[in-house]
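There are 4 protein chains.
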Amino acid sequence: MHVGFIGLGNMGNGMAVNLLTAGHAVTAYNRSPAKVDALAQQGATPARTVAEACQGDVAQTMLADDGAVEQVTLGPDGIVASLPPGGTHVSSSTISVALARRLCSVHAEAGQSFVSAPVFGRPEAAAAAKLFVVAAGPPAVLDAVAPIFDAIGQRTFVVSEQPHAANLVKLSGNFLLATVIESLGEAMTLVEKAGVDPVAYVDILTSTLFDAPAYKTYGGLIARKSFEPAGFAAALGLKDVRLALQAAEELTVPLPLGSLLRDRFLTLLADGGGQLDWSAIASLARRDAGLGG
Amino acid sequence: MHVGFIGLGNMGNGMAVNLLTAGHAVTAYNRSPAKVDALAQQGATPARTVAEACQGDVAQTMLADDGAVEQVTLGPDGIVASLPPGGTHVSSSTISVALARRLCSVHAEAGQSFVSAPVFGRPEAAAAAKLFVVAAGPPAVLDAVAPIFDAIGQRTFVVSEQPHAANLVKLSGNFLLATVIESLGEAMTLVEKAGVDPVAYVDILTSTLFDAPAYKTYGGLIARKSFEPAGFAAALGLKDVRLALQAAEELTVPLPLGSLLRDRFLTLLADGGGQLDWSAIASLARRDAGLGG
Amino acid sequence: MHVGFIGLGNMGNGMAVNLLTAGHAVTAYNRSPAKVDALAQQGATPARTVAEACQGDVAQTMLADDGAVEQVTLGPDGIVASLPPGGTHVSSSTISVALARRLCSVHAEAGQSFVSAPVFGRPEAAAAAKLFVVAAGPPAVLDAVAPIFDAIGQRTFVVSEQPHAANLVKLSGNFLLATVIESLGEAMTLVEKAGVDPVAYVDILTSTLFDAPAYKTYGGLIARKSFEPAGFAAALGLKDVRLALQAAEELTVPLPLGSLLRDRFLTLLADGGGQLDWSAIASLARRDAGLGG
Amino acid sequence: MHVGFIGLGNMGNGMAVNLLTAGHAVTAYNRSPAKVDALAQQGATPARTVAEACQGDVAQTMLADDGAVEQVTLGPDGIVASLPPGGTHVSSSTISVALARRLCSVHAEAGQSFVSAPVFGRPEAAAAAKLFVVAAGPPAVLDAVAPIFDAIGQRTFVVSEQPHAANLVKLSGNFLLATVIESLGEAMTLVEKAGVDPVAYVDILTSTLFDAPAYKTYGGLIARKSFEPAGFAAALGLKDVRLALQAAEELTVPLPLGSLLRDRFLTLLADGGGQLDWSAIASLARRDAGLGG
Numbered sequence: 053m054h055v056g057f058i059g060l061g062n063m064g065n066g067m068a069v070n071l072l073t074a075g076h077a078v079t080a081y082n083r084s085p086a087k088v089d090a091l092a093q094q095g096a097t098p099a100r101t102v103a104e105a106c107q108g109d110v111a112q113t114m115l116a117d118d119g120a121v122e123q124v125t126l127g128p129d130g131i132v133a134s135l136p137p138g139g140t141h142v143s144s145s146t147i148s149v150a151l152a153r154r155l156c157s158v159h160a161e162a163g164q165s166f167v168s169a170p171v172f173g174r175p176e177a178a179a180a181a182k183l184f185v186v187a188a189g190p191p192a193v194l195d196a197v198a199p200i201f202d203a204i205g206q207r208t209f210v211v212s213e214q215p216h217a218a219n220l221v222k223l224s225g226n227f228l229l230a231t232v233i234e235s236l237g238e239a240m241t242l243v244e245k246a247g248v249d250p251v252a253y254v255d256i257l258t259s260t261l262f263d264a265p266a267y268k269t270y271g272g273l274i275a276r277k278s279f280e281p282a283g284f285a286a287a288l289g290l291k292d293v294r295l296a297l298q299a300a301e302e303l304t305v306p307l308p309l310g311s312l313l314r315d316r317f318l319t320l321l322a323d324g325g326g327q328l329d330w331s332a333i334a335s336l337a338r339r340d341a342g343l344g345g
Numbered sequence: 053m054h055v056g057f058i059g060l061g062n063m064g065n066g067m068a069v070n071l072l073t074a075g076h077a078v079t080a081y082n083r084s085p086a087k088v089d090a091l092a093q094q095g096a097t098p099a100r101t102v103a104e105a106c107q108g109d110v111a112q113t114m115l116a117d118d119g120a121v122e123q124v125t126l127g128p129d130g131i132v133a134s135l136p137p138g139g140t141h142v143s144s145s146t147i148s149v150a151l152a153r154r155l156c157s158v159h160a161e162a163g164q165s166f167v168s169a170p171v172f173g174r175p176e177a178a179a180a181a182k183l184f185v186v187a188a189g190p191p192a193v194l195d196a197v198a199p200i201f202d203a204i205g206q207r208t209f210v211v212s213e214q215p216h217a218a219n220l221v222k223l224s225g226n227f228l229l230a231t232v233i234e235s236l237g238e239a240m241t242l243v244e245k246a247g248v249d250p251v252a253y254v255d256i257l258t259s260t261l262f263d264a265p266a267y268k269t270y271g272g273l274i275a276r277k278s279f280e281p282a283g284f285a286a287a288l289g290l291k292d293v294r295l296a297l298q299a300a301e302e303l304t305v306p307l308p309l310g311s312l313l314r315d316r317f318l319t320l321l322a323d324g325g326g327q328l329d330w331s332a333i334a335s336l337a338r339r340d341a342g343l344g345g
Numbered sequence: 053m054h055v056g057f058i059g060l061g062n063m064g065n066g067m068a069v070n071l072l073t074a075g076h077a078v079t080a081y082n083r084s085p086a087k088v089d090a091l092a093q094q095g096a097t098p099a100r101t102v103a104e105a106c107q108g109d110v111a112q113t114m115l116a117d118d119g120a121v122e123q124v125t126l127g128p129d130g131i132v133a134s135l136p137p138g139g140t141h142v143s144s145s146t147i148s149v150a151l152a153r154r155l156c157s158v159h160a161e162a163g164q165s166f167v168s169a170p171v172f173g174r175p176e177a178a179a180a181a182k183l184f185v186v187a188a189g190p191p192a193v194l195d196a197v198a199p200i201f202d203a204i205g206q207r208t209f210v211v212s213e214q215p216h217a218a219n220l221v222k223l224s225g226n227f228l229l230a231t232v233i234e235s236l237g238e239a240m241t242l243v244e245k246a247g248v249d250p251v252a253y254v255d256i257l258t259s260t261l262f263d264a265p266a267y268k269t270y271g272g273l274i275a276r277k278s279f280e281p282a283g284f285a286a287a288l289g290l291k292d293v294r295l296a297l298q299a300a301e302e303l304t305v306p307l308p309l310g311s312l313l314r315d316r317f318l319t320l321l322a323d324g325g326g327q328l329d330w331s332a333i334a335s336l337a338r339r340d341a342g343l344g345g
Numbered sequence: 053m054h055v056g057f058i059g060l061g062n063m064g065n066g067m068a069v070n071l072l073t074a075g076h077a078v079t080a081y082n083r084s085p086a087k088v089d090a091l092a093q094q095g096a097t098p099a100r101t102v103a104e105a106c107q108g109d110v111a112q113t114m115l116a117d118d119g120a121v122e123q124v125t126l127g128p129d130g131i132v133a134s135l136p137p138g139g140t141h142v143s144s145s146t147i148s149v150a151l152a153r154r155l156c157s158v159h160a161e162a163g164q165s166f167v168s169a170p171v172f173g174r175p176e177a178a179a180a181a182k183l184f185v186v187a188a189g190p191p192a193v194l195d196a197v198a199p200i201f202d203a204i205g206q207r208t209f210v211v212s213e214q215p216h217a218a219n220l221v222k223l224s225g226n227f228l229l230a231t232v233i234e235s236l237g238e239a240m241t242l243v244e245k246a247g248v249d250p251v252a253y254v255d256i257l258t259s260t261l262f263d264a265p266a267y268k269t270y271g272g273l274i275a276r277k278s279f280e281p282a283g284f285a286a287a288l289g290l291k292d293v294r295l296a297l298q299a300a301e302e303l304t305v306p307l308p309l310g311s312l313l314r315d316r317f318l319t320l321l322a323d324g325g326g327q328l329d330w331s332a333i334a335s336l337a338r339r340d341a342g343l344g345g
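Respectively, the protein sequence lines represent chains Z, B, V and Y.
For what it's worth, my numbering labels the leading residue of the first sequence as 53, then goes sequentially.
For what it's worth, my numbering labels the leading residue of the second sequence as 53, then goes sequentially.
For what it's worth, my numbering labels the leading residue of the third sequence as 53, then goes sequentially.
For what it's worth, my numbering labels the leading residue of the fourth sequence as 53, then goes sequentially.
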């Protein structure tokens, strides 16, 4: 397929490379052009504007947040203005449910299709084409762009005909990860205050009931108090929890754990910790137990 | 070694069989004698009283709760009264930190040793000698009883010289499992209200970020609303969360997640659900979102 | 002064009458004109458009929510477009901090002044000129419009030179009232389940520690389960708690009680109770205790 | 009546004086005898043991906590052992529901009566015979001891025939006061971070919606950060919230506000603040908002 790929960050670059590897024609755009040039070395066609990246069948976006996606999609000479009728916007960014609904509607008015396809996986998985793709949209459109998902991921999960449902699933995944962090923060504080070594404790947990990457990764970071540099910043953690709560409010769903997490992140940010790794909310359980944060 | 084994429930019976298999001499006691007779067929010496089971080096207990352990240990003709000086009580039950402290002190006064060695694993793991043993106590005593741990488990974690620390680690494990249940309950309600199939959602989670038995087991139960018969009853879940909160209060550790879980279990019990599986607290998130529990 | 009064609801009508009584020239506008005609009987000049009500020194608004205030202020032929340079917009509605900031900035660009002056008090107090006015804005502007506050209220509290601070104080008042409701809901459920009569219990509370109108009003409604018709609807309660939480998030202030209240209101709305009085969240404490809501 | 009064603290002394003033014969006991001697100057008969104070119709206790009441009532030569058959124990201390149940049962076995009559009011109210008495017990017994209540209080509320119900009402009152403190802590932090003066804010609140002593007292303490010396220590606040939660758990009543308060008090105690006034939990809202506690 002919794919215009917009957003060559840590995740997007690996995804675009894998599209090339799978034989797709990729026109690439990035706000900072150095990354575009690097990708051109690997066979991509460089685009100097968003509009230039919207000349094919598909425009795929992998950007930081709602603001970036709004600008690239709805701005002058953006995707909606530039993609041919019948074209498809594949949105892989972690964005709000509300924005996904809005983009779906705007693209439809322009005679274009919109699908949400956020991914689970870290940059290494993106580079290795091992992402998990959570896709939602009209079945015929998803079928048409399936080769893209095959190129970037190890498996695709189709969750709904409504694109925004995929964004909600993605947000719920980050919500679940944040609860893992909070629960580890509380449990590790409890046993530490009874004299149990936190590193040994995490070893027990991850050897027994919780043999899962999330517990290993975050248990290790918390035990070592290793919150810098951030793998995923607390400010972004707050943003994703907020988006989950907003989506939940639109659906009239109370999320008491989400409320607790939101308060934790706000407390961390008020303490100046917004740039720390989001697992640093675990330090608040320690501080509240008199262990000094 | 010569081990008096007290408590032949689903867990204890498998543990006692494995002690026999490993070549230990086992004298077995159970409140209901039928299980003792069955074990005698496999080589155990039957005991008709607790005192008869306390004639060897070690008495190991695997009982339901604080009340049962108190009665067997401190009652007339109980373990303290019957075990020879120098003998060791290996307590594998999930009991309170406070009771563990008390038993440690009472046994010391009687010239006996006390170690806590609760286990992680379900009855199948107990039968297969695949338990994980969390042990705490004086190093020399733990060394002496290590053959018992080797016989029943696949790995032993020594966490402290203070026996009660092992009980706290065990309670913290159940606290973490309960948070998994609550977080799944909230996340699954959220995506279900957006039209995502809960079974498919659990498949996504456990194929990606949460490839761990706890998420598979409880995700499946919640998606199928399969809360009867209980694998672990909600009333017991409340008990363990309460014990964790009490231990935390003694250590002056706030556990906001623990507070939230306690309120959920109380709500479920007030609704008559005490005999349901503890994963039924997830139905409260559904009910509060207007999905009918 | 010459005041254009916009919004003749239960509160606004009483306020406008008192402006007339105090000798001010009032030009009145309301979306539904019948109320304008009624007020004209009492001496007001009727306005058929917002613009007609913006010909004097001051435009005062008393409207339902952010949406209404935005439309009247920023819409075509709205206050900003119609009020002469040097004129002042006195905003008495309960609106968000964010909107107050925005209106302040837009009016400044148009060479106009903006002050926030929300009020505490029910319709009877508005009719009796017994409101409490919480005012914020530039001191010289507040001095200039002080006669308006004197006409409608029994006392004016100036809280800041920044208009939005007054809106925050107003929102915080509703937050505090909602915590009174929630705390009464929990306490009354507790004693009721022990056999104490709720009406007698409220009598004890309000005769002793809590001799305040809020406890009498809401304690009585809860004891009698009298949630219809709503004095203040639960959907509006959720809105105000949400606005308080949003303002708090902008200031990086966690409000755990606010989070709890938000979850309660969402639960009530999910159960179809949005049109009930906001004190109906107390019925959730009863329901969660197995008393049937 | 002939009343043995046990416990001459700040509250008890005033109550005993008023019994004398009303013409009752009072035999007084206190752990520290100096207070007994002082009261003897006002007409009381001094007792050197609890037993000596139990020779009349009624023994009334006003002690610090469960431990003190247990010792005085159930200890050797305590009230149960010393009060004549047919005598009545009037318990005015703030004790647990569980202890009230137990004392009721033990006295009944001894052929004695037990009524709970905790009071609302501070030491000044006790001295002025202006207490509010919350009484529960068998109607005939309450009638018989009514002259005592008339002597110490301005009004008596009978809430149940079960004595422990009165203790629950008393605990619920402290729970409600603690929620007032927490809500003020959050609201005052919010407006302070927006630049509103806390003292002025409390003035607004208590002049308008919250014209009640609890808001004036605690609002003032919080605004001035005046937490020492404690009027009521945080450690006692935690105790009363814990007793309320325990009583609620026995009744299967979730109290989410109670859970939040318990976590706040634990956090304060972990920070070394157990001896501060219980209103110091408000400083945690400030700290969590980055204002430095």
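Source of the hints: derived by calculation from the structure; they are not laboratory data.
Since this is a predicted model, take the numbers as computed values, not measurements.
Treat the hints loosely; a few may be bogus.
One copy or two, either will do: identical chains are not told apart, so a pair holds if it fits within one copy or between any two.
Stated by the list, open to error - The list that follows gives simulated cross-link-like pairs (lysine to aspartate or glutamate, DMTMM-like), each with its CA atoms no further than 20 Å apart:
no., residue 1, residue 2
1, Lys245, Glu302
2, Lys245, Asp323
3, Lys245, Asp129
4, Lys277, Glu161
5, Lys277, Glu104
6, Lys268, Asp129
7, Lys245, Asp89
8, Lys245, Glu213
9, Lys87, Glu302
10, Lys245, Asp255
11, Lys182, Glu104
12, Lys291, Glu301
13, Lys87, Glu161
14, Lys182, Glu122
Quick rundown of the hints versus the structure:
1. Lys245 to Glu302: For Lys245 and Glu302, the Cα distance is within 20 Å only across copies (10 Å; inside one copy 41 Å).
2. Lys245 to Asp323: between (23 Å within a copy, 14 Å between copies)
3. Lys245 to Asp129: Neither, since 58 Å and 36 Å both go past 20 Å.
4. Lys277 to Glu161: Neither: 50 Å inside a copy, 41 Å across copies.
5. Lys277 to Glu104: neither (46 Å within a copy, 51 Å between copies)
6. Lys268 to Asp129: Result: close neither inside a copy nor across copies, 45 Å intra and 46 Å inter.
7. Lys245 to Asp89: neither (53 Å within a copy, 44 Å between copies)
8. Lys245 to Glu213: Between copies only: 14 Å across, 50 Å inside.
9. Lys87 to Glu302: Neither: 38 Å inside a chain and 34 Å across chains, both beyond 20 Å.
10. Lys245 to Asp255: This pair counts as within: shortest intra-copy Cα distance 17 Å, inter-copy 37 Å.
11. Lys182 to Glu104: neither (29 Å within a copy, 61 Å between copies)
12. Lys291 to Glu301: both (15 Å within a copy, 11 Å between copies)
13. Lys87 to Glu161: Intra 33 Å, inter 41 Å, cutoff 20 Å: neither.
14. Lys182 to Glu122: The answer is neither: 28 Å in one copy and 48 Å across copies each exceed 20 Å.
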